[in-house]
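So the sequences go chain by chain: Y and S.
First residue of the first sequence? That's 1354 in the numbering used here, and the numbers climb one at a time after it.
First residue of the second sequence? That's 11 in the numbering used here, and the numbers climb one at a time after it.
Note that these hints are calculated values from the structure, not bench results.
Glycine included, every Cβ here is placed at the ideal spot set by N, Cα and C.
Heads up, a few of these hints could be off.
Computed Cβ-Cβ distance ranges for the label pairs, DEER-style [stated by the list, open to error]:
| id | chain 1 | residue 1 | chain 2 | residue 2 | range |
| --- | --- | --- | --- | --- | --- |
| 1 | S | Ala60 | Y | Gly1381 | 22 to 28 Å |
| 2 | Y | Asn1415 | S | Gln35 | 23 to 29 Å |
| 3 | S | Thr54 | Y | Lys1370 | 28 to 34 Å |
| 4 | Y | Gly1425 | S | Glu24 | 43 to 49 Å |
| 5 | Y | Thr1366 | S | Met90 | 36 to 42 Å |
List of simulated lysine to aspartate or glutamate pairs, EDC-like, C-alpha gap at most 20 Å [what the hints assert, rightly or not]:
| id | chain 1 | residue 1 | chain 2 | residue 2 |
| --- | --- | --- | --- | --- |
| 6 | Y | Lys1364 | Y | Glu1436 |
| 7 | Y | Lys1450 | S | Asp102 |
| 8 | Y | Lys1368 | Y | Glu1436 |
| 9 | Y | Lys1450 | Y | Asp1416 |
| 10 | Y | Lys1364 | S | Asp102 |
| 11 | Y | Lys1370 | Y | Asp1439 |
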Amino acid sequence: GAGVSQTPSNKVTEKGKYVELRCDPISGHTALYWYRQSLGQGPEFLIYFQGTGAADDSGLPNDRFFAVRPEGSVSTLKIQRTERGDSAVYLCASSLKGDQSSYNEQFFGPGTRLTVL
Amino acid sequence: GQSLEQPSEVTAVEGAIVQINCTYQTSGFYGLSWYQQHDGGAPTFLSYNALDGLEETGRFSSFLSRSDSYGYLLLQELQMKDSASYFCAVRDIPITGTASKLTFGTGTRLQVTL
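Just chain S, with the same shape it has in the complex (with noise of 0.2 Å):
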């Protein structure tokens, strides 16, 4: 099975710098992405990491350690409408072509603050 641990809530203040670390425990592992998802809303895409290293996308980034079973979610230049859950995915070794299912954490409830 797979298990993944997640800080339940972290504050920040808009324009600082927050990182969410997750860890898991897979009996499979093809990759780590992570999710945003806002009140109601339905989880959107981030970033996938399958490689060990540092994926970067615009004020988001992402770092994956595959030896530690670790990675996380860097989030800069904080800004109000970044208060959301965030989630972390593992995504299991596809059955056919790039097919595969996700098993997520239970996520992490950002709070950004003036």
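One chain only, chain Y, in its complex shape (with noise of 0.2 Å):
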């Protein structure tokens, strides 16, 4: 079956603008996870879903980010009034929500790379 797919795989903008990036999981998988991967660095935790709702949005750096998983599958994330310090790759990734017993690893997409001029 297909993988974690992103969209766009490139996004240039201006300082200011609103971006939104988008994220389709693997079918089936009802947690999803959003990083940020600056050059040189781990992938760095933003938020994730547990179906439709956000469990944990202890990572988004600002109100500024903003994330959305209305249906449980498909994610947008928002950045409002772009700024070049947020020029990363945004890495989306899937798991199985499992037993407690279990580990559902995570299965990254190829990330969109966000450049704000």
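Combine the two chains into a complex, taking the hints into account.
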């Protein structure tokens, strides 16, 4: 089956503009995560959803960042009033929800490279 | 909070064995994962340790010592295609079910040479 897909693969925008990044998880995966990766760094957690609700949004850097997952499948990360410091690769991952005794690995998408000029 | 330390770079020759260490300081710990990432690619899962000891998967093995807050990834019979960045990641205690966020280290860039 298909893996995690993200669109667009690249996005160039101007400072102050609004952007939306889309993630399509693996079918049947109820958990969805957003991470941000800067050059030479590891992925940094932003938010994760269990179904439609945000179970943990502690990684969102400020109120310019918002994410939704209205039907429990596709998710959109929204960034308002973009700043040059927002430039990074935005990664999405998904995993199954299982019982407490199992570990469900996270499958990552290829990412969206966001460049804010 | 969480912090993880890994060496920034490692170089090894094809066919050799290399060990990438990871030490962590965490406020909550459920397990240690390892991911591989080629330049421009997505991180891909390699292994996961929740309990002390060694987990072996083909040429790759991963070890965890919870008492020492330490783990390592062991790559055997190195191949050129193993040249990539390797990240250790701490898995937080789940809030619901088994889904929980990962906190990644800064990564170790492995260069395999002839």
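Verification of the supplied hints:
1. S:Ala60 x Y:Gly1381: 22 to 28 Å: This hint holds: roughly 23 Å between Cβ atoms.
2. Y:Asn1415 x S:Gln35: 23 to 29 Å: The hinted range 23 to 29 Å holds for Asn1415 of chain Y and Gln35 of chain S, with Cβ atoms some 26 Å apart.
3. S:Thr54 x Y:Lys1370: 28 to 34 Å: At 32 Å between Cβs, range holds.
4. Y:Gly1425 x S:Glu24: 43 to 49 Å: At 46 Å between Cβs, range holds.
5. Y:Thr1366 x S:Met90: 36 to 42 Å: Once the Cβ atoms are compared, 37 Å apart, the range 36 to 42 Å for Met90 of chain S and Thr1366 of chain Y holds.
6. Y:Lys1364 x Y:Glu1436: holds (14 Å)
7. Y:Lys1450 x S:Asp102: holds (15 Å)
8. Y:Lys1368 x Y:Glu1436: holds (5 Å)
9. Y:Lys1450 x Y:Asp1416: violated (28 Å)
10. Y:Lys1364 x S:Asp102: violated (31 Å)
11. Y:Lys1370 x Y:Asp1439: Since the Cα atoms of Lys1370 of chain Y and Asp1439 of chain Y sit roughly 11 Å apart, the hinted pair holds (cutoff 20 Å).
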